[in-house]
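Undergrad: Chains as they are written, first to last, in my numbering: chain A, 1 to 113; chain B, 1001 to 1113.
Quick caveat, the hints were computed from the structure, so don't treat them as lab data.
Do not rely on the hints blindly, as some may be mistaken.
To be verified - Label pairs and their in silico Cβ distance ranges:
(1) A:17 <-> B:1012: 25 to 33 Å
(2) A:56 <-> B:1017: 42 to 50 Å
(3) A:39 <-> B:1050: 27 to 35 Å
Stated by the list, open to error - Pairs of lysine-lysine, DSS-like flavour, derived with a Cα cap of 27 Å:
(4) A:105 <-> A:52
(5) A:56 <-> A:105
(6) A:77 <-> A:52
(7) A:56 <-> A:68
(8) B:1011 <-> A:68
(9) B:1071 <-> A:105
The C-beta atom is built at its ideal place from N, Cα and C for all residues, glycine as well.
Letter by letter, the chains look like this.
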Amino acid sequence: GNSVTQMEGPVTLSEEAFLTINCTYTATGYPSLFWYVQYPGEGLQLLLKATKADDKGSNKGFEATYRKETTSFHLEKGSVQVSDSAVYFCALSQGGANSKLTFGKGITLSVRP
Amino acid sequence: DTGVSQDPRHKITKRGQNVTFRCDPISEHNRLYWYRQTLGQGPEFLTYFQNEAQLEKSRLLSDRFSAERPKGSFSTLEIQRTEQGDSAMYLCASSSGRYYEQYFGPGTRLTVT
Chain A
1 GNSVTQMEGP VTLSEEAFLT INCTYTATGY PSLFWYVQYP GEGLQLLLKA TKADDKGSNK
61 GFEATYRKET TSFHLEKGSV QVSDSAVYFC ALSQGGANSK LTFGKGITLS VRP
Chain B
1001 DTGVSQDPRH KITKRGQNVT FRCDPISEHN RLYWYRQTLG QGPEFLTYFQ NEAQLEKSRL
1061 LSDRFSAERP KGSFSTLEIQ RTEQGDSAMY LCASSSGRYY EQYFGPGTRL TVT
């Protein structure tokens, strides 16, 4: 079956540091890949997505590239802010009749001023 | 605000009681999903509907759980004879479009005492 593996957390960074959060997946075919973010006290929000190999999703300064050869979708940001403190989830969907999302465990990011 | 809404936001119940949650999707979305999230974990898929048809149910969804989506609009999730292990955040999401990115509601937090 499908699975998503995220790096262990939590992660604590200073403001303006570079961020990488690793995500790898196991799935058949070519799933769509997503990053969701959950800010404190709020619901899950779609951060970015990529639907085919070599696609780059981007939003709010975050980027992730769909790497089929390494089955990865690592999240990066060049300069984090305190407001980026949240829980980040990597997820995949096969689409079509199998459109449910399979999530990783999530990782908590704390950014210090 | 035309996002996904869920009601109630919080529910405390005693073991053995029945509870029902409601989800109102984004109005033009034809797919509706239910997930369950426990502390420190990513959301886990429970079931989903396309219009009024329930197309898939997870093995997590025991016989005590039932979901409906009459007329393809709002959905309800009922848990009968609640157990302490049912304590979790219940999330609803809706989607439409080719790549099926899902938009989540704020969730209903269930506590079974």
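Undergrad: State, for the Cβ atoms of residue 39 of chain A and residue 1050 of chain B, whether the hinted interval 27 to 35 Å holds or is violated.
TA: Holds: the Cβ-Cβ distance is about 30 Å, inside 27 to 35 Å.
Undergrad: So does residue 56 of chain A sit 42 to 50 Å from residue 1017 of chain B, Cβ to Cβ?
TA: holds (49 Å)
Undergrad: For the pair supplied as a hint, residue 105 of chain A and residue 52 of chain A, is the alpha-carbon distance within the 27 Å limit?
TA: Roughly 23 Å separates the two Cα atoms, so the pair holds.
Undergrad: Tell me if the straight-line CA distance from residue 1071 of chain B to residue 105 of chain A falls inside 27 Å.
TA: violated (34 Å)
Undergrad: Under the criterion that the straight-line Cα-Cα distance not exceed 27 Å, is the pair residue 1011 of chain B, residue 68 of chain A satisfied?
TA: This hinted pair is violated, its Cα atoms lying about 42 Å apart.
Undergrad: Between residue 17 of chain A and residue 1012 of chain B, does the C-beta distance stay in 25 to 33 Å?
TA: With Cβ atoms ~41 Å apart, the hint is violated.
Undergrad: Take the C-alpha atoms of residue 56 of chain A and residue 68 of chain A, compute the straight-line distance between them, and say whether it is at most 27 Å.
TA: holds (12 Å)
Undergrad: Need the status of pair residue 77 of chain A, residue 52 of chain A: alpha-carbon distance at most 27 Å?
TA: The given pair, whose Cα atoms are some 21 Å apart, holds under the 27 Å limit.
Undergrad: Measure nothing beyond the straight line between the CA atoms of residue 56 of chain A and residue 105 of chain A; if it is 27 Å or shorter, mark the hint as holding.
TA: holds (22 Å)
Hints 1, 8 and 9 from the list above are not met by this structure, while the remaining hints are.
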